[in-house]
Structures are given as structure tokens and as C-alpha cells.
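Please model the complete structure; the sequences and the hints are all you need to start from.
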Amino acid sequence: MTLPRIRKALLQRRYAATEAAAIRKKAMAISGAPSAISAIPDRGAATPEDHVFIREIGCTRRIFQLKPFLTTSQLEGLAYRIRTLTKNEALNSVLIATDSSHPEDGLPSMLHDRNYPYLQNESVDEGFPPRPDHTFYVSGGYDPLTLYQQSAERVQAHLSHLMDVALAVRGSSGKIPTISVPHGHFHDGGFALFGTGTYVLATRETSFSITNPSKGLSLDPVGLSYILPRLGQEFNQPSANYIGCGLIMALMGYKANAEDMMEVGLATNYVETPRVISLLENTLSQLPPWNQQALIKNPIRYHGEPEPTHDHNAEFRNYVVAEAIHNFSSYRADGADIWTTSDRDAFLMEKDPSLELDHVPWHSMRSSNLVDYAATFDAIFKSETTLVGIHERLKEIAGRVTNDPEEQEGIDVASDFCRRIESQSPLAVSVVYRLLREGTKPLETLQSCMEREKLVQTKLYAKEDFKAWAESRIAGQVGEAFSGWKHKSIREVSDDEVTELLESPKLLSNRTRPASIGKPGEQ
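Quick note on numbering: my numbering labels position 338 of the sequence shown as 338, and the sequence is numbered without any gaps.
Calculated from the structure, these hints are not laboratory results. Hints are not guaranteed to be accurate.
Simulated crosslink set (DSS-like; lysine-lysine; CA at most 27 Å straight-line) [to be verified]:
#, residue 1, residue 2
1, K463, K215
2, K463, K486
3, K67, K215
4, K395, K382
This is the structure:
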């Protein structure tokens, strides 16, 4: 190609790009999209500046979070994009999964991208193991330090956008299912993107924890005060009998691994190897869109009759997506596993296990430390109605002396729980406990709990504990646990202080006694 032709081709390409940008800008103005949508690009590849971007893959959309924290505009733009995608009937799913160009930090986007030299001596099926003492870090939602010294209005707007992300991923306003695959650790606000999806696929590296009370903060507005008291109930799991599962996670900063998340219903499916992400993406890209997933033809409509509004295929839509996810999963949270948990068990069965199509709950064949701990201290969690009472009972157990190895294990766990409670902000952990109590009330909804979490978190950003923690981090005190809280212990925190944080000014004159922790619906 001659030089003039090259110049002409470049000019035509630039003109096409400019025209496409102008069309997109005009479309955004017509649709009412916020300007923050530009913070979440949708293109084939990411740039080093991108925190999040969206890629079109067939009839699905893949969302990549490349950096663990998002800004206010990124949260706003992401919420709008996901909310729009889940209403798009030309799609079949929205896949949210971690990604990185470095194998030690995450996963590439597609199977054919795995062209690393060392794979010649290793099986692709095994995925990428992390370095020793290293965990894949997925998301923390946002960095609290970015809101230090911000106005209450700015903080509230930031938290509102985080809440919007959680609701958008949950798909409450759309038809298209969302699928999140957090291959690594996420915490606090990261739950909005990786914990609220229609399907949450846990890998062997997946883990989740609540760390905000160690910063002088409470629960981010993602609905955890509604979800944690109800763990295990959605899939009728044994963990539904132990209210301590949610308390341990919220009050002790416990890091729930993949097994824990599966056994309490925080994850819906478990995938054995991380390569499933690439294979699932490839499968979803080839499935038909929502509006073409039809098995039944519409009834014959005679001349003059109005067009029927009833969707005769409503019960069949998204079924193909669900089957694809279940086929790639090793087991499911509802316990409806066709295959047993080991090859040996399958070999010993008298008949082909693939022919066992009945619902077989395999809950008894799996274990979870979180559920075991909640069961061990179940009497304490159910009988004590105050955080101080729970702490004192755990201290009594921690102070015991025994020669029984099994009893010693329980003593060590109780001692660790006490240490975790004492290391966090007394005010923040007290507020978290009250939020859980409020969340158990029968008339509470996910939305009402989110609104309360946002109110409390906005107020805590202006309190002494967060200010002291933030200044210590700015001063470089990162390696050691912070202890300069306003209160020396949870005993010093008064009920009035907690109530003032939970209630808006117009409700302070109409206080009601909070319910004690128990199964939702019980007072």
C-alpha cells in the first residue's frame, strides 16, 4: 500500500472512530445515562489505567475488575451499566470474574491466552496456584481512605452508588442473570460486585471477610445485615440452624473460605479448577440470548385479536444458562449433586452415578469450619442477647485449662474470637451487632437494611475512631493492628451512642426496643 493510501485509510479510521463516539455521546444523552458511564469502558482490551472494563463476548458480557478499589464515578457508572445490561433481552448473562495478565495475580480472560512457558510442565486443569503465603486479591469495593475528610453528602453519595451496584448485580430490575466468579479474596464493599449475583461460583482460592470494624467503620450498604442472619436458609442447609455463622463473620472478622461460603449459601456453586472460568465464558458466548430461549410457540392469533401479553416461555428462559453453570460445577449449595464427592465413592456405587437423577442432599459429606464453630458455641449465641454477654461467655471458655485435645481446640477458638472482638473498634463492632439484630426483624427487607447500613456508615466516617485509624495509615502505620480507639472496650459503649448512629433525627423521638438475635421472624 502506498503512502497516500495509508494516510487515507488512517483518516477514514479516525473519522469512523470520531463518528462512533459522537453517536454514542448522543445516545447517552437521549437515554439519560450519567457522565460517569465513561469511567467504565466497553471494548475488547483493557488499558493500564482501567479499574473496570466490559468486553462483549457473543450474547454475554464479561466484566473485569482489574484493580481492587473503585472511585465514586466508577461505582456510579458500573451500577448504570450493569442495570442496563440485565434489562437487555439480546443477552443471556453477565459474567463478572477476576482477570490479570500476570498468572500469579489472577486469570487471563480466555483459555487460549494461557501461553505461559511454565505451562509446558504443568497441567492446565490444575489452574494457577498462588505463591506461598499469597492470596489472589479480588476486591474491597472502595478504599475508605479516599473518603477521609470528605463531607457527609459526598460520603453518602459514594455509598449510595455502592448500594446501586449491589442491587444491579442482584438483578432486581432486570431479566438477565448475573454470574460472579471471585477467584481470590474479597471483603466488605467488594461483596456488592462478587457476592450478590444470581450465581456466585467459588473456586479453591475464594474467600470473604468483613474488616470494616477494624477501621472504625461498620457494614457497607450491600445488605449484609439482612443476609448474615439468614445464612443457610435459602438452600435449606444445616447452617440455617446456627445463628452464630453470621455473628462470627460480622463480629470476629472471620475469613470464610470456599467451603464455608458454600455451606452457608454465600456461594451457589463450587468449581474445582479455575480454568472453568474460561470454559464457562466460551460456553455462554455461544448460548442464545434471553429473547430466543423459547420452547413453546405462541398460540395462534386470529385476525383482530389483541397481541397476547403473556410470555408462554417465561419458565424456560435462563434455564440453559443455569444448566451450563451446574454442569461446570463440582457441587451446588442446595446439595442437589448428581456425583459424589470423591472418585472412590463413585466407584463403590452399585450403579452408574450419572443415572442417579433424584435430589440427593450431600450436605453430610462436606464440612465447614465456620459451621462447626457456630455449632460448638451455639448455646452462647442463642442465649446471650448482648455483645458484652457473648464476649464474657467466650472469655470464660478461653480461660479454661484442660488436657483433652478436642476441648483445647474449642478453648483456642474461643480465645481467638475474644482477641478478634477486642482488636476492633468497640463502637463499630457494637453497631455491627445492633445492625444484625435489626436485620432479623420480620418486616425488614434487603433494601431497608441497606438504607440503615448507609446511614450508620455515613455517620461513622465523621467519628473519632475512623479519623484516628485513617491518620495512623496516612502516617505509615500499616503493619501493626490499630488500638487507639475512643473506647477501651465494648463495655464502655452505651446504648444511646449506638442508637444515635442507627436512627435518623426524625426517628429519635420514636425509639423502639430492638429485637434480640434469633431466626428472622422471631422476637
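Going through the hints against the structure:
no. : hint        : verdict
1   : K463 x K215 : holds (11 Å)
2   : K463 x K486 : holds (9 Å)
3   : K67 x K215  : holds (21 Å)
4   : K395 x K382 : holds (17 Å)
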